[in-house]
Amino acid sequence: MTADIRATARTTEPAPPAREFRPARPPRRGRFGVHIFLSAVSLLFLAPLLLAVYASLRPYEETAQHGYFSFPKKLSFDYYREAYTESGMGKYFMNTLIIAVPAVIITLFLAAFVAFAVARINIRGSLALLMFFTAGNLLPPQVLVTPLYVLFLKIDLPWWMSDSMSLYDSYWAVILVNIGFQVGFCVFVLANFMRTLPKEILEAAIVDGAGVWTQFWRITLPLCRPAIAALATLEFTWIYNDFLWALIFISNPDKLPITSSLNNLRGQFFTDYNLLAAGSVLVALPTILVFLLLQRHFIAGLTLGSSKG
Amino acid sequence: MPQKTARRAGRRATARRFTRRDIAVLGVLLGIPVLLDIVIVWGPALASVGLSFTSWDGIGDIHWVGGDNYENLVEDYPAFWPAVRHNLLWIAFLGLVATPFGLFLAVLIDRGVRFSRFYQSVLYMPVVLSLAVVGFMAQLLLGTDQGVVNTILDNRNDPVDWLGDSSINLWMMMLAASWRHTGYVMILYLAGLKSVDPALKEAAAIDGANERQTFFRVTLPTLRPVNVIVGVITVIEALRAFDIVYAVNKGRNGLELLSVLITDNIIGEASRIGFGSAIAVFLLAVSLGFIVTFLVQELRGAREK
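Protein chains in written order, with our numbering: chain A, 1 to 309; chain B, 1 to 305.
No wet-lab data here; the hints were simulated from the structure. Heads up, the beta-carbon is just placed ideally off N, CA and C, and yes, glycines get one too. Fair warning: there could be bad hints in the mix.
[Stated by the list, open to error] Incomplete in silico selection of chain A near chain B, CB under 10 Å:
1) ALA52
2) PHE77
3) PHE93
4) LEU97
5) ILE98
6) VAL101
7) ILE105
8) PHE109
9) THR134
10) VAL143
11) THR146
12) LEU197
13) ASN241
14) ASP242
[Stated by the list, open to error] Far from chain B, by Cβ distances over 12 Å, these chain A residues were calculated:
15) SER76
16) GLU82
17) GLY88
18) TYR149
19) TRP159
20) MET165
In isolation and in its complexed conformation, chain A is listed as follows (with noise of 0.2 Å):
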């Protein structure tokens, strides 16, 4: 995909067109060879989205016998039902729910409050907390897994906690996993942010009278609802996506979240890939639509931490 990209920038950009503009209007030169080379761009970028979506709305017998990249005789919403109903996506959707909106709130919520404590009052150590949350999200998850998954299986939940009656193979595990890991993140992001607001609120609150969690529930947090907003965003998408923790930690295939039991689909449907082309197409669909729906948000989530860095 990319290599095209390239081959595209490289003929495009010198853009002989921008030259021949160059006497007549020095300001614009090149506007129009930029806008050939973006418009390639972006339908390359777009172009395997959009396949997956021409495939799934064509039938199996027709693609295999033309390819994916032929012309369509018949179009039909056949392969989503089939993908919804046979293979209980509806349930999956739901694994995810269960895990993701109690991780995102939690990790909000944890971090929301290392970051006000570090960036916002003086406690002895802030910096050393900061590196310790922020140096834990970087680490790659392969080096967690083994432990995490010795040490789930013997912690024991009860039957109304966990039907596997341990915290392997339970929802809990996952979340845990994922606020564990993402608390870091959100930490790093929001200490960044709590640093540019203004310390006389805070001070003027303080000789108030407020205590710790006047200061951080009532003054700050109200002041961070752009940034938490942003980071509700980006970490939706993130445990949503996420195909790790939910593979090792959860063995009932049933437990699974939207995006590993993308892995289940494939096995099952292993010869028609326009059908799982519908499924890869409908899992994808919610990341895209909050995308597209908070998109400011979204930027602002995976910006916040840098450029203030």
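Given chain A's structure and the hints, the job is docking chain B onto it.
Only chain B this time, still in chain A's reference frame:
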């Protein structure tokens, strides 16, 4: 004047000791996340180091074997060095191709072309996709018999096995990973570029610098904090790469990565936990090297503030 006294009073109040309730709140709400981070992240990381010196199959007794796992890893495990090489290639590819390309796109869009919002949205759409879905899309595009690329190349008689041929499949995976990485890098640089003071560029222009000189001598150096973050993300993403190759062929046949070897050894049939941990420790050591560099930079930034 009244403002000044208020500020002075505020400073005194900040220095004031916490009440008992404050200490309870701090204790609980800092205690829980710290404990969680120790149990979920740092404890297991340390435990991995410990397990790497044992020969454990996950069920029986744990035997201390010293550095045997590391010796076996380096000398007798055929998949190890290829995996190291693949990970290094992955870092190099993201760092030398995807990251500069993302920067290039950001610079183009930042110049204020029309429809820039549309281009932005399209270019970072892949960032929200799960790598498992990306892996599947790679199959749709690169499949042997009906794959789009082979259809366009029209080589039905002698199709290229983009994902199966171990001499090219890694490159295809790196391209697919770049598809997401480029958009991510572009967002970060776009945000950074917006915060560059335009007066700097004007000053450079007045001094007679052309666009290229202005970019490399003025803009890029002021983007230093973003550069550091992008660098860290690039390396860490490359070291963590897993989902995408696992979704394509479980990371076999030319797609061996360190993360895959770890997973195979500890949750595979063999369940060689000690050995898998040794690989994990190797990965941990490399990652920590980069993480520490990043933190030192952050620390310096925080001190300057």
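So, going through the hints one by one against the coordinates:
{"no.": "1", "hint": "ALA52", "in the structure": "6 Å, holds"}
{"no.": "2", "hint": "PHE77", "in the structure": "18 Å, violated"}
{"no.": "3", "hint": "PHE93", "in the structure": "13 Å, violated"}
{"no.": "4", "hint": "LEU97", "in the structure": "16 Å, violated"}
{"no.": "5", "hint": "ILE98", "in the structure": "18 Å, violated"}
{"no.": "6", "hint": "VAL101", "in the structure": "18 Å, violated"}
{"no.": "7", "hint": "ILE105", "in the structure": "14 Å, violated"}
{"no.": "8", "hint": "PHE109", "in the structure": "9 Å, holds"}
{"no.": "9", "hint": "THR134", "in the structure": "7 Å, holds"}
{"no.": "10", "hint": "VAL143", "in the structure": "5 Å, holds"}
{"no.": "11", "hint": "THR146", "in the structure": "5 Å, holds"}
{"no.": "12", "hint": "LEU197", "in the structure": "13 Å, violated"}
{"no.": "13", "hint": "ASN241", "in the structure": "4 Å, holds"}
{"no.": "14", "hint": "ASP242", "in the structure": "8 Å, holds"}
{"no.": "15", "hint": "SER76", "in the structure": "18 Å, holds"}
{"no.": "16", "hint": "GLU82", "in the structure": "17 Å, holds"}
{"no.": "17", "hint": "GLY88", "in the structure": "18 Å, holds"}
{"no.": "18", "hint": "TYR149", "in the structure": "7 Å, violated"}
{"no.": "19", "hint": "TRP159", "in the structure": "23 Å, holds"}
{"no.": "20", "hint": "MET165", "in the structure": "19 Å, holds"}
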